[in-house]
Amino acid sequence: MTQRQRLLMCPPEHFGVDYVINPWMEHQVGQIDAARAMAQWEDLRDLLALGAAIDVVEPRPRLPDMVFTANAGLEIDGTVVLSRFRMSERRGEEKFFRAFFESQGFAIAPWPQDVPFEGAGDALRDDARNMIWCGHGWRSSEQAAAPLEKIFARRVAALRLVDPRFYHLDTCFCPLTSGAVLYYPAAFDAASRAAIEAAVAPNLRIQVDEGDASRFACNAVESCGRLVMNDASDKLRRRLLDAGVVPMATPLDQFIKSGGAAKCLTLRVSGPSAPETVARG
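Per my numbering, the sequence shown starts with residue 63, numbered consecutively.
Think of the hints as simulated: they come from the structure by calculation, not from any bench.
Because the structure is a prediction, the values reported are computed rather than measured.
For every residue, glycine included, the Cβ atom is placed at its ideal position computed from N, Cα and C.
Worth double-checking, as some hints may not be accurate.
Label-pair distances were calculated between CB atoms; the ranges are [said to hold, decoys possible]: (1) 93 x 191: 32 to 42 Å; (2) 165 x 88: 31 to 41 Å; (3) 286 x 121: 23 to 33 Å.
Start from the sequences, fold in the hints, and give me the full structure.
Encoded structure:
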């Protein structure tokens, strides 16, 4: 029997744009509609709960980006590397996510204090190839690849991000269980594009244009044959259907004001869990 997918989420009770640390946040300070953000988050949670168990970590005041649980760390097979945030505005989240993982019995891997790493925002599992894609250039360090490879015993491919709008890898790159990869080529330097092309066969590369990238189409969560995302063009929807995955759009415009969407709002974790488990630290 296939184990049900488990995702960690954090309600947006304290979500807002309170500072500017990426281009999406510019001119958005104080512009979040809190009721609409909560409704969008609940719609996403309910949609994902059709195919996944949802754990909910307690939100904390004055940590408006804690809702983006993808940045809590990277967990595989019971071992987690916790994030070392580059931006001081987010470092307060670290102790609360550590408390969650410790309370759930995960092993915390040691990590160099001087190597910025922003979790599953920049480190994406590719189970079809038994590897990890690791983005760097804006938030995580290029030096993160080597310790990740040692900790998880998987090949790690480092990809340099060059467009500040796509500051985390999960905003512009999405490996699917089929082996296909959804990505926005212009977000990467030439060497990184070549690395993607070397690892992924042409028929498995699903390139998106700037319009779909700006809709955060790559910032998607795959669950039970569906790809849950903010939005996608008709052209991209047809391409995904041809690849055997059903795109499902759910509006997340309030979170895009802060630079995140479906994938940013979730973190894949291992093990059984009851829906709506609240972890308090």
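Status of each hint after checking the structure:
no.: 1; hint: 93 x 191: 32 to 42 Å; verdict: holds, 40 Å
no.: 2; hint: 165 x 88: 31 to 41 Å; verdict: holds, 37 Å
no.: 3; hint: 286 x 121: 23 to 33 Å; verdict: holds, 27 Å
In this structure, every one of the numbered hints holds.
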